[in-house]
Every structure is written in structure tokens, then in C-alpha cells.
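S.K.: Chain by chain, the residues run as shown.
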Amino acid sequence: MPGSIPASATTDPLRGEAPTAPPVRRRVLARLVRTPAGMVGLALTLVLVAVALLAPVIAPFDPLLPVGAPLASPEAAHPMGTDGLGRDVFSGVLHGTRTSLLVAGGVCALAFIIGVPLGMVSGYRGGLADDALMRFTEMFQVLPRFFLAIIVIAMFGPGLDRLVLVLGLTSWAMLARVMRAEVLSLREREFVEAARANGASHLRILFREILPNALPAGLVLLGLIVAQVILLEASLGFLGLGDPNAMSWGYLAGQAQRFLRVAWWLSVFPGVAIIVAVLGLNLLVDALNDVLAGRR
Amino acid sequence: MSVAYLIRRCAQVVPTIIGIVLVGFLLIHLAPGDPVLALAGEHGDQAYYAFMRERFGLDRPLHEQLGAYLANVLRGDLGVSYTHGRPAMEVVLERVPATLLLSGSALVLSSIVGVGLGVFATLRPGGVRDVSITLGALGVYAAPVFFVAQVALLMFALWLGWFPVHGMSGTARAATSVGHVLDVARHLTLPALVLASQEIAAVARLTRSELGEELQADYVRTARAKGAGERRVVIRHALRHALLPVVTVIGGRVGHLVSGAVIVEVVFGWPGIGRLLLTAMQTRNSPVLLSIFFVVAISVVVANLLTDLAYAWLDPRIRYH
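Protein chains in written order, with our numbering: chain C, 1 to 296; chain E, 1 to 321.
Source of the hints: derived by calculation from the structure; they are not laboratory data.
The beta carbon of each residue, even a glycine, is placed where N, CA and C say it ideally should be.
Mixed in with the good hints, there may be bad ones.
To give a feel for the contact side, a few chain C residues facing chain E, derived at Cβ under 10 Å [unchecked claim]:
id: 1; residue: L239
id: 2; residue: G250
id: 3; residue: Q257
id: 4; residue: V268
id: 5; residue: G271
id: 6; residue: L281
With beta-carbon atoms standing in for the labels, derived distance ranges [stated by the list, open to error]:
id: 7; chain 1: C; residue 1: D130; chain 2: E; residue 2: R221; range: 50 to 60 Å
id: 8; chain 1: E; residue 1: V13; chain 2: C; residue 2: A293; range: 30 to 40 Å
id: 9; chain 1: E; residue 1: Y49; chain 2: C; residue 2: A293; range: 54 to 64 Å
id: 10; chain 1: C; residue 1: R135; chain 2: E; residue 2: R232; range: 39 to 49 Å
id: 11; chain 1: C; residue 1: A50; chain 2: E; residue 2: Y48; range: 52 to 62 Å
id: 12; chain 1: E; residue 1: K226; chain 2: C; residue 2: E188; range: 36 to 46 Å
Bound conformation, chain C alone (with noise of 0.2 Å):
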């Protein structure tokens, strides 16, 4: 966990400034790859990435259009079968990769802008600041957020829009007091200091300095919460609450349970898919950590 020593302290305390970016990235890269599950975790995420890219080029059909028979077992022309409505389940599959990511990017980077800084200015600043930042921290941590997007669909109607707003406005609560916590850390070392003596302003030492250094750490949590926001956008579809303009993986599910008993595939080939982008990410974010723990 987050009780990190920066790698250009340990190699040069006093150049005063991290190691440029692009070798310090290659080694993680190699270091990634060289693990199987790091390996494994990269391909499934680079998978997932390009069919969320091309599922409107590699889908066979139209996903909300009937295509075929209602319930048709799979078969050639519908591999994974097709639903109540007659539409093709792996086009449905396909294009639910992109509705899935599409949330699961806008609520990082909603949790990234609020969290990053939140927890920068936390640690750095100290004191009373950090009490009443931390306090508030807390009070997002517990809120439900599961619960909390439910209402607030129930309320406002479904929507791609308010399901990131919502998740993405109550999901930075971790990154941020990761970040505090690496800041915390971060803030006394030589290397900060030099940049202080030499009369570096605050905002340059936090981002030139600080940042640098902080965010591995944050970027690796980024990861943990998508898996988690693809899990929690699947529940909300699964209960329906998703939008209906918008093909998901948890729809395709929601809609299995009426038919449980006559068609299976309705229900494995979505639950198959979360579980491929999810542990391919869990892996990716575990093999990531490891990295980042050994390059400390």
C-alpha cells in the first residue's frame, strides 16, 4: 500500500526533479508482460479496448433491431443466440463492450479531476485543510452509491448522462485519499525539498515534483474502479435502469431472467464478458501493483 519512496530519490536526491517519463515507463511496460497474470491482464484490457473501438465494424448486426427468430439457440449465423425479440445476442455482446467502457472512462475521469486534487492539497497543505477534506472524503465513501444511482435514475429518468454524473460524483472518494496519502509521504523527501530551497513555488512542486511521483499509485486505483463501475453499470442495467438507446451487457442480462428457464445463452454470454473485462483488469491493476511495489 501506499508508503511509497519515489524512484528518482533513490537514484539522484538531488537533481531535484523526477526522472523523465518514457525509460522509467518502458521498464514498467517489460516488468508487466514478464508475469503471467500481468501478461494475461493486458491482453484481456487491450481486447476489451478494441472491441469497445470496432463494435460497430465487427458486429453482424444492428444490436436493438431484430434480426432472427425470437430465442434461437446459438448457432452459425447467431453464434450466441438470439433474445425474446429476435436480436442477435453477440452483436449485443459486442456493442455492450462500448456502453460498458463508455461509463466506466467518463466516471474515472470525473473521479480523477475531484480525487486527484482533493487529496493533493490534503496531504500537502496539512492541518486543518486536510481535516475538513478528509471529513468530507469520508462522507462520499459511505454514501451508497449503488443505491444512491437507482434513485436518482428512478427520479431523473435513465441516461448514460446522470449514470456517470452520479457514479463519477461518488466514486473519487479512494483516489483521493490514496493520493493524500502518497502526497503525505512525498512531501518531506530530499528532493522536494531542493526544489523548495531553490524557491519553487507550491503549485510547481506539486505538479512537477509531487505529482509525478503520487500518481502510479492513483492510476492504479483508476483501474480498480472501472472494474468496479463495469460491475455496478451491469447491476443498474441488469434492474433495467440503463438507457434504452444504449446496448449493455447488464440489459442483455436483466432481459435473461425472464427466460432462464428456456434460453441460457441470455444469461452466460453477457455474464461471460463482464467477467473477461473485469478479472482482465483485476489482473492488469494486481500485476501493475506488484511493478510499482518492487520499482519502490
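Starting from the known structure of chain C, fit chain E onto it as the hints suggest.
M.R.: Frame of chain C; chain E shown alone:
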């Protein structure tokens, strides 16, 4: 645990609960349309809307409305559920025992089985058991609850017929109370196992990694040097230390558990707040929705409080932070 810590930690709950109520207030005023609709739901009549307007002071300035709202919520008065014809909070609280039974069983099950599997995996690191438990935990951890629930329902209830498919008790009410308990237990087993599965995976993973770390410690080497068997070293010495972080995680996952309970209830037709939530959602019954939100949010806050206190009690160092 010092009294000062106890008081300080309990006092922290107050702003959190006020914050939670504030969120509810904000939602009502941000929702499109007349706030009285967001407050009273869509099934009232004009007289009831007028009554609610008066009660929550909707024609007064915003800060007075907030005061009225806070007072009403803290009294547990969130208006009437028109689909039930009774106070919303009453309707929700009635459903709490069923959800509590389901989540409580899952919590106990996951703590025991999770720690057990974690220890089992650690006894021979890198062995077949370790690898299969680790991989299994990874897979289950990545699976959405509804998927685990659907697959379990398909396999164990529909195909194998080991468990009932739906509900909390059979249609024919058992003649004796013992028969009734057994009937409920039979209905409970599969949903509780499903709900526990992810927590089991989380607890097993954490126990495994914490225990792995503890086994590197000096006192473990001392115990080994004194000739203690591996089983004794792991269970009697290392596990006690490794369990500390596990306790926090178990307590911290209560919110997650209750979210999962909603899904499990929907799949298995378990008559708790999850099922109620689903129908309230479909009928836009906001008094019930908001009551559920407050009940769940406050339970999570209390669960976190209890976890922190348990942690401080177990580990005296914590109060100095």
C-alpha cells in the same frame, strides 16, 4: 480503546448522517418537475400534495425547507407510500428482517469460509490448492452477482432440483415452528451462498496475502525455530495478526453486500428491501425509494463505525492516529 477515541469516532457520524440527508434533499430539488412529486411520489391526490407541501414547507424559503426536511427525516417520516396506503418508512422497515437475514447469513458465511480458504491456500504456497483457490477467487471476484445468481439458479435449483427456485418459504405453511425454520433455511441456502460468494473471494484473497506477509515476520521465524509445526505457526501465531486488516475489510464491505442483496433478492424472489426497491422504482414511489436510501446509508455508516471501534479495540495502536 480510549474513551476519547470512542467519543471522537462516534461524533464523526453526525456530519456524515447530515450529509446523507442533504443528498436526499438535493435530489428532490434537482429532480425535474415539481418537488412535491419527487417528495410524495406520483400516486397522491391533490389534498395529499397540499398536505406534503405544508408539512415539508415547500412554499417557504429553501433554508427553512431544509430544516423541515431534516426534522421530518430524523423522525423517520418520509410521507406515505400510496401504493401501500401506509407510511413509507413502515413499509421499508417491515422488509428489513428478510434482507438482514440474507445479508447477515452471507456475512457470517463469507467471514468463516473466506478466512478458512485463505488459510488453506497459505498452508502450502504455490501448491495445487493454493493456485486453484487463488484462481477461483479471482474468477468469482470478477463475476457480477446477478450472473452468479442466475447460474446457481439454473444449476442447483432448475436442473438438479436441490433447492427451491423462488421465495422465502413454501406455499404450504409448515405446521410446526421447527418445520417453518427448516423451510426458510432451505430457501435461504442458495441465495445466501450466492451473495456470500464474492465476499468469500475477497476475504480469501486478503487473508492469503496478509498471512503470506505475516509469515515473513521475525516472530514466525522464532516460532518455527522453536520447532512449532507449520499448521500451528500459521493458525496460532500468524493468523491472529493477519486477521486485523481482514476485520476492516469485512466491515467495510457491508454496503457492497447490501447492494448485492438487492440483486440476489430480485433473482430469487426473496421478499426483502431489494424486491421492494424494484417495485418502488417501477412505480416511481419516491417516499419508499428515499426511505430505503436512508435506511441503507445509515446502516452502512453504523457498520463502518462498529468496524472502526472493533479495530481500535483489537489494535490499541490505532487510537494514536
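S.K.: The structure should be examined with respect to each hint, and the outcome stated for every one.
M.R.: Right, here's what the structure says about each hint:
no. : hint                          : in the structure
1   : L239                          : 6 Å, holds
2   : G250                          : 8 Å, holds
3   : Q257                          : 7 Å, holds
4   : V268                          : 7 Å, holds
5   : G271                          : 3 Å, holds
6   : L281                          : 8 Å, holds
7   : C/D130 <-> E/R221: 50 to 60 Å : 39 Å, violated
8   : E/V13 <-> C/A293: 30 to 40 Å  : 35 Å, holds
9   : E/Y49 <-> C/A293: 54 to 64 Å  : 59 Å, holds
10  : C/R135 <-> E/R232: 39 to 49 Å : 44 Å, holds
11  : C/A50 <-> E/Y48: 52 to 62 Å   : 55 Å, holds
12  : E/K226 <-> C/E188: 36 to 46 Å : 41 Å, holds
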